[in-house]
Amino acid sequence: MIHHFTHRPIRKEIDSSGFIGLEGCRLEYFIEAGLHLDQPRTSELSYQWRTTKKEYKARGRFVWFTEQQFCYAIGNPEVPKVRYSFDPKDIRAFSWPSVMEMATSDKKRFAAMKQVSEYGMSVGDDPFKWWVTFEEVSLDRCQDISEVSGFPVNSASS
Numbered sequence: 108m109i110h111h112f113t114h115r116p117i118r119k120e121i122d123s124s125g126f127i128g129l130e131g132c133r134l135e136y137f138i139e140a141g142l143h144l145d146q147p148r149t150s151e152l153s154y155q156w157r158t159t160k161k162e163y164k165a166r167g168r169f170v171w172f173t174e175q176q177f178c179y180a181i182g183n184p185e186v187p188k189v190r191y192s193f194d195p196k197d198i199r200a201f202s203w204p205s206v207m208e209m210a211t212s213d214k215k216r217f218a219a220m221k222q223v224s225e226y227g228m229s230v231g232d233d234p235f236k237w238w239v240t241f242e243e244v245s246l247d248r249c250q251d252i253s254e255v256s257g258f259p260v261n262s263a264s265s
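Numbering-wise (our numbering), the sequence shown opens with residue 108 and increments by one.
Source of the hints: derived by calculation from the structure; they are not laboratory data.
A few of these clues could be false.
As the list claims (entries may be wrong) - Restricting the straight-line Cα-Cα distance to at most 30 Å, the calculated cross-link-like pairs of lysine-lysine (DSS-like) are:
no.: 1; residue 1: K119; residue 2: K214
no.: 2; residue 1: K119; residue 2: K236
no.: 3; residue 1: K221; residue 2: K164
no.: 4; residue 1: K161; residue 2: K214
no.: 5; residue 1: K196; residue 2: K160
What the hints assert, rightly or not - So the derived label-pair ranges between C-beta atoms look like this:
no.: 6; residue 1: H114; residue 2: Y154; range: 19 to 29 Å
no.: 7; residue 1: L144; residue 2: Q176; range: 22 to 32 Å
no.: 8; residue 1: S205; residue 2: E151; range: 16 to 26 Å
Note that beta-carbon positions come from the ideal geometry of N, C-alpha and C, so glycine has one too.
Working from the sequences, and respecting the hints, build out all of it.
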């Protein structure tokens, strides 16, 4: 079983849409629909999206999963999380190490992917237990949804 974690406030949006979108899909929609215009943070949000698109172009864009029962890389430890559990075969998921191996011939892509792995390790995650999909994932394939109030104490960030 592999798990996708999200922040609890986002659960309603995921559940109502019926799928887990590619990373950055909410920001992408917000920008492309023009919902950021005339907001106090208009330029900040536009800049964030431009920067994020460059990162996705360099390393790829995924829906992320882990075999672990926690995920520190998601950030904001004070915000409760929701865990969506799937069988990797049901959603065409690929292990992160295998995806990285496919990218070894593209030095820029591999370097960007390695940077993500190194970040994960620095916050206490195990990238060798990460999985990704290249497209959104339907909740019809979800085996379990559970609320997670906290992760084990993270010794990597102490």
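| said: Output the indices of the hints that this structure fails to meet, ascending. | reply: Of the numbered hints given earlier, those the structure breaks are 1, 7 and 8, listed in rising order.
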